[in-house]
Amino acid sequence: MFGKMLENVREKSPLVHNITNYVTVNDVANVLLATGASPIMSDEPDDVADITSICGGLNINIGTLNKNSIEAMFVAGRKANELKHVVSLDPVGAGASRLRTETALKLMDEIDFDVIRGNISEIKTLVTGSGSTKGVDADAADAVSEDNLDEMVSFVKKVSEKTGSIIAITGAIDLVADKETCYVIRNGRPEMSKITGTGCQLSGLIPAFVAANPDDKLEAVAAAVSMMGVAGEIGWSNMAEGDGNSTYRNRIIDAIFNMDGETLNKYAKYEVK
Amino acid sequence: MFGKMLENVREKSPLVHNITNYVTVNDVANVLLATGASPIMSDEPDDVADITSICGGLNINIGTLNKNSIEAMFVAGRKANELKHVVSLDPVGAGASRLRTETALKLMDEIDFDVIRGNISEIKTLVTGSGSTKGVDADAADAVSEDNLDEMVSFVKKVSEKTGSIIAITGAIDLVADKETCYVIRNGRPEMSKITGTGCQLSGLIPAFVAANPDDKLEAVAAAVSMMGVAGEIGWSNMAEGDGNSTYRNRIIDAIFNMDGETLNKYAKYEVK
Amino acid sequence: MFGKMLENVREKSPLVHNITNYVTVNDVANVLLATGASPIMSDEPDDVADITSICGGLNINIGTLNKNSIEAMFVAGRKANELKHVVSLDPVGAGASRLRTETALKLMDEIDFDVIRGNISEIKTLVTGSGSTKGVDADAADAVSEDNLDEMVSFVKKVSEKTGSIIAITGAIDLVADKETCYVIRNGRPEMSKITGTGCQLSGLIPAFVAANPDDKLEAVAAAVSMMGVAGEIGWSNMAEGDGNSTYRNRIIDAIFNMDGETLNKYAKYEVK
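Protein chains in written order, with the working numbering: chain A, 1 to 273; chain B, 1001 to 1273; chain C, 2001 to 2273.
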């Protein structure tokens, strides 16, 4: 059950090392604290091996990569792999530039990722080697919908088989799959795309959930994805006249801060395919 | 009309590449989303040419420049010029350090900027080559006021003629001018200076407005400036007992999220000189 | 009196140069503005000497240090010392990595710090040269409590004597000491640890308070520490149903924005040992 997994995060309070972009980093830190986990940020190659060693999980996000932080991603990833820590990748903007695409592919080549989370255009880019990512947003033509759901479920399982990682594709409908099983999750609100960083926040939460639930990695990722969506729903229901996307950002993190396992179980909407 | 220009941003949803400072970058992203545009951030020289190519506008802000991001500014600026994209400059802190002043001047020398937006001290520095900027705030002695308005209108037109860029000087009274025409805008609240980043947010919005209104660049910049001020007014009117500058930051972005063209037209206060 | 010291910050509006981490930098800027001071951020070695020269204080925070910003810390620190500006250090994560510990120790060796502020584990690391910092949080085993208070007061005085800096150790009970006198401060809320950056915000405020109160440096630091705690108390009392850590972050900065000297005096809880 997803609720129990959230409670495990609160109880075990995993420390998560984030090499993430400077756009949404503050929200990533606060959402990890909201869920009961602890964040630490470091992207200096000479610092990251030590830092990741004291953590339970590593979140690599290439949203504002540079030469120095790219080197740090490889150093930290190798050390985390060596220590058998949970490692996840958010390939922000893969398909939007050569550097982003190549860095994501090289990371996948050299680092074992437990989980890769992206939008559909980014994940397609990782498979085909090139993409049509519209900046950091998915190309609408690629979207997972009720019409192409079976096809997409099959696709995401194949990507998982090929990469050896759990794959999470987030959008209007979220898919979380390994090679055999796919969670189809229908939580969230379209207005979440009007806030920067809900994807990055989720990518920070994923290693926390997996580290706290090591025996059910797939379900742990699905629980994190569902919880983010439920928080978007609760946060939206708490919006008042005059509120907009900046307040909504606070409301979503607040909703996670206040969420217990029972609430997550009550609102989680998913099926397994 | 300014309102129509805001509606064009919402309809066309321009993608804006931001090379901006890490202090206010999250607010810049959220304010672009609030207005219906899309933000992308990248400041790595090996990444920016690709990223700016898929965008409609480029916002260069030197607020926390470093050797790597300075190089990225030139690479991105040249590529955006080559592709005839809208390019704007926010010379944060020009006059406060040699590096900031020289970088701004060199950028102006090598890159064609459609728009330059700064406070009065920064803009004066760009003209004279040295300045009295008080950190990142304007020197009070320089301020545009009702007393020196005609003189300042003449000054800003001359700066525009000299630089070939639309010049936006923001403060208690805002001036937006090309060599012939100056919008004098009287929106905004003094409390906006108690929040970090309202200037940076405006600098992010400017290329979005110009990209969505390519046939009326001057008026598009004036519309963005006026809208930011109107949002400051609406945001302030939504403040409750106990609220302070942190909540005000959210209220301003929220006000933009909820603003339609009619509202902007209703509250915009300006004359053309 | 602490209240008078806050009023001096509002009246003198010191400009503070921050070389700080990109996680909490926006909050550091906004909290400085909330207290009436002015922030400026710069971490490029070629920029920092000029920037720090126009400021009244320098805040060095190693939370997301990298090779470039480390160099900037030394350049800025030396220049600020030369100009007899207030300089403070926040050794974030000292004890959590070799680079952080060594950088903090080298900074203390080469720069004269008026104030060093950290959690108990970080401060212990600075004395012993190694530590058990749990990421960026203190190790619970180290905590200052009513049981070990006298021992800890003696410890912090000795650290001050050894380093020549005022030492501020923040936690459930805060200690601010020079070699002879220790303020024991009992303001704040445990929920403040569920927000990223209240420590970083305080580290930004400290040089502002000392710069505005140069004749009572020790009491000025104690006033800043107490004010941060009082803001945590007032901010918490303003929380509504459904609010969480993200809204609490805003509420704390808002409380500082609205606080006057009388309020600080009324709620400050401390004794001098």
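No lab work stands behind these hints: they were computed from the structure. Watch out, some of these pointers could steer you wrong.
What the hints assert, rightly or not - Per the computed footprint, the stretches of chain B lying under chain A, defined by three or more beta-carbons under 8 Å from a beta-carbon of chain A, are:
id	segment
1	1048-1059
2	1175-1184
3	1241-1253
Glycine residues also receive a C-beta, built at the ideal position from the N, C-alpha and C atoms.
Status of the hints after comparison with the structure:
Check on the segment 1048-1059 of chain B: 4 of its residues sit with their Cβ under 8 Å from a Cβ of chain A, so the three-residue criterion for coverage holds. Here's how the segment 1175-1184 of chain B fares: 0 of its residues keep a CB closer than 8 Å to some CB of chain A, so the rule of at least three is not met and the hint is violated. Restraint check on the segment 1241-1253 of chain B versus chain A: 5 residues with Cβ-Cβ distances below 8 Å, three needed, restraint holds.
Consistency with the previously given hints fails for number 2 only.
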